[in-house]
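Protein chains: 2
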Amino acid sequence: MTHPGDVGPQTGRNLDPWYTSYADRTAGLAASEVRALFAVASRPEVVSLAGGMPFVKALPEELIHSAFTTMMREHGSEALQYGGGQGIPEVREQILQVMSLEGINDASADDVVTTTGSQHALDLVSKLFLNPGDVVLAEAPSYVGALGTFKSYQADVAHVAIDDDGLIPEALEETIAHLRVEGRTIKFLYTVANYNNPAGVTMSLERRIRVLEICRREHILILEDNPYGLLYFDKPGLPALRSMDAENVIYLGSFSKILSPGLRVGWALAPHAIREKLILAVEASILSPSTFNQWVVTEYLRQSDWQQQIEGYRAVYRERRDAMDQALNEHLPQLSWTKPDGGFFVWVRLTEQLDSKQMLPRAVKELVAYTPGTAFFADGRGRHEMRLSFCYPTPERIKLGVRRLANVINGELDLVETFGTSTRRGPDEDRVNMPPPNIS
Amino acid sequence: MTHPGDVGPQTGRNLDPWYTSYADRTAGLAASEVRALFAVASRPEVVSLAGGMPFVKALPEELIHSAFTTMMREHGSEALQYGGGQGIPEVREQILQVMSLEGINDASADDVVTTTGSQHALDLVSKLFLNPGDVVLAEAPSYVGALGTFKSYQADVAHVAIDDDGLIPEALEETIAHLRVEGRTIKFLYTVANYNNPAGVTMSLERRIRVLEICRREHILILEDNPYGLLYFDKPGLPALRSMDAENVIYLGSFSKILSPGLRVGWALAPHAIREKLILAVEASILSPSTFNQWVVTEYLRQSDWQQQIEGYRAVYRERRDAMDQALNEHLPQLSWTKPDGGFFVWVRLTEQLDSKQMLPRAVKELVAYTPGTAFFADGRGRHEMRLSFCYPTPERIKLGVRRLANVINGELDLVETFGTSTRRGPDEDRVNMPPPNIS
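Those protein sequences? They're chains A and B, same order as listed. For the first sequence, full-length UniProt numbering assigns the number 1 to the initial residue and increments by one for each residue that follows. For the second sequence, full-length UniProt numbering assigns the number 1 to the initial residue and increments by one for each residue that follows.
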């Protein structure tokens, strides 16, 4: 695919004098789609339905001011100093309160490790467990940032089918059996059981129990990533997998969606022996997470009615979810999509003639961005699907974005009807940044 | 060494149901000495000469207040949001100013990547380059946190001899030649050329030029870790290695020692192709560094006379270095030690009869802590050396600490003289946490 004149990877290699020095794992490091997002989404004329940025303007800034002021007055020199690798005890105690809202009531602050956002915990758990060639089980589709991290440790992802009730237990059993026959080593099941990113679906209670049973029986650890659990819309969320099994689940939580991602405070709750190793991994990675930010979070939780604040977020995102659902009904009734009970994302199934990756440059030209489904599969699937996020734009912008998207899609479908193909390539396409994006 | 009744690693393994699931690299993960430090040093009655914590009380808190207030007023919703994986452009521009004080004048903000402290950059560079069995060259002794990170990627460290002028070029050449004969793959030279942690020595200008020549000739990348460069006491520091070679040096810098470690803002300046990969590695690790903290740093640098503030730190640490040097002269004239021109640490050479690791529990009992030399070698050396840090305790506490240390050392030497051995083991020793520690 590379032509002599291209300024592509091949040329880049030749220009990099250290090309032969990199570790084997670095060969798999592909240009991230996260950066492209920021480039696209930051242009104000584009309606971005691509990112996963929370609407932080819904957070009254005086709450942060107040938390900061108290922190500096009462813990200033501690907040400016190094801390322990596990995180400060005060925030770990409060994290127990947050997790109790997800049904986790048997945890100890000793088993919580705070990290630089929950992505960091995801990375360190991967570092602790994954040898090259190991297999991680994950929903089909699954969070793009997790797929990238697993790849960075040279692990393979085996996707497990989902439906509107989340991961399908029978598919999980079949996938495990198949991999075992092949002699593969399965290290853990990675799941976003609540308001899945990108699919928007939630694993039912019955299935949670089944999935836990299967993994216990097969001695497969579960890595439960739950950034959206408290952002439910229609009814309170289901109990976390971790609430039903303390021994076989590593639980990841985050303040990014219920407070602020700019603070980068997340956490892992892990069985004792794993937690010990996780602390060592944090120390090797960053010495200690930011005490400054942990204290801001601590004082915020102490001073504000944070549960009421989360209720406010729910109202904001519920309205946006509804705006997106209505706009899709109005402008793209011929397609199907999920209607999530919480979280940030709607998963849209296109018709077989449409290719979300190929269509993206045209969409950006029409001033709307989305994330092609291919970003959420490790195996090239997802061309006929896309993720739309409703978290950041206002309801009006969401409607505008969906209207623009409908123009693009309907234009494509007209072409298919007329010429039997949607492969309309223009010189512009090569100049538009390919596929955006997602951030968390 | 493990007895049946021990509550040791062997028992721990049996209790951990996931013991067989860990990655190969996790086997080398040893209980970190950093945590033990915090346990020891936090007891107020102990004079800790063990840690590497900067004296953050020397930073006027109103400067942080002012930076925070402006940040929230002018960039609030940006500071609370996700950022790009490379870090915000504003802080990267200012980092150029900081680096220009180290002689680096040809850098571009495009080639700077901000990280969660420079330890994070160290970790990610290691992840990019190190395969299991690769070799990293490092000073003998070398920063304990770097040794831990290299080990976490299953690399081996080959120590290169130093003297009062830092790394010895001839020793570097010999080590390289020896390793090449053995067929080993050398990935980079890790060096703390300014006010070495732990040795306190500085690589001379002549040697910097020689080391750069040797590494260029041998096609060995240099990883220059420079957290202390601006904290000089007697005369301005020497130009960074990076200032003389933009192609073969990755430079690591940090705000931990010139502002606050609690913010966890560090950076890497890397050749173009490496920088591109480093950004991808940041994204896989944490999505993006904290925008909140980057903005605090940005506004601090914009608003305050930060160079004058650094001059203030120099005065604080110079006084403490002098206090330690004088106390050693007074109480332990029979030993030899380095007198650093900057930084945080003095390296003490004990007599052959003394074992710093074995002596530590007795020192802690006498209410003084230090870091045994063994922490700074990957090969078990350092038993007859110790690191004393003068950064955190006041001059009075430093004098008290050295006096206590002299009591312990002289007590040991008396024993040696009387009985011909210092191996005085009591039941207490097993109960005292073994060897502390260092943080950065």
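Just so you know, the hints here were simulated from the structure itself, not pulled from any lab data. All of these numbers come straight from a predicted model, not from anything done at the bench. Wrong hints could be hidden among the right ones.
The list treats identical chains as interchangeable, and a pair is accepted whether it falls inside one copy or across any two copies.
[Claimed, not checked] With a straight-line Cα cutoff of 25 Å, these simulated DMTMM-like cross-link-like pairs (lysine to aspartate or glutamate) come out:
{"no.": "1", "residue 1": "399", "residue 2": "182"}
{"no.": "2", "residue 1": "151", "residue 2": "134"}
{"no.": "3", "residue 1": "339", "residue 2": "276"}
{"no.": "4", "residue 1": "151", "residue 2": "330"}
{"no.": "5", "residue 1": "57", "residue 2": "78"}
Now for the hints, and whether the structure bears them out:
no.: 1; hint: 399 x 182; verdict: neither (48 Å within a copy, 66 Å between copies)
no.: 2; hint: 151 x 134; verdict: both (10 Å within a copy, 21 Å between copies)
no.: 3; hint: 339 x 276; verdict: neither (40 Å within a copy, 38 Å between copies)
no.: 4; hint: 151 x 330; verdict: neither (39 Å within a copy, 58 Å between copies)
no.: 5; hint: 57 x 78; verdict: between (29 Å within a copy, 10 Å between copies)
The structure fails hints 1, 3 and 4 (numbered hints given earlier, in ascending order).
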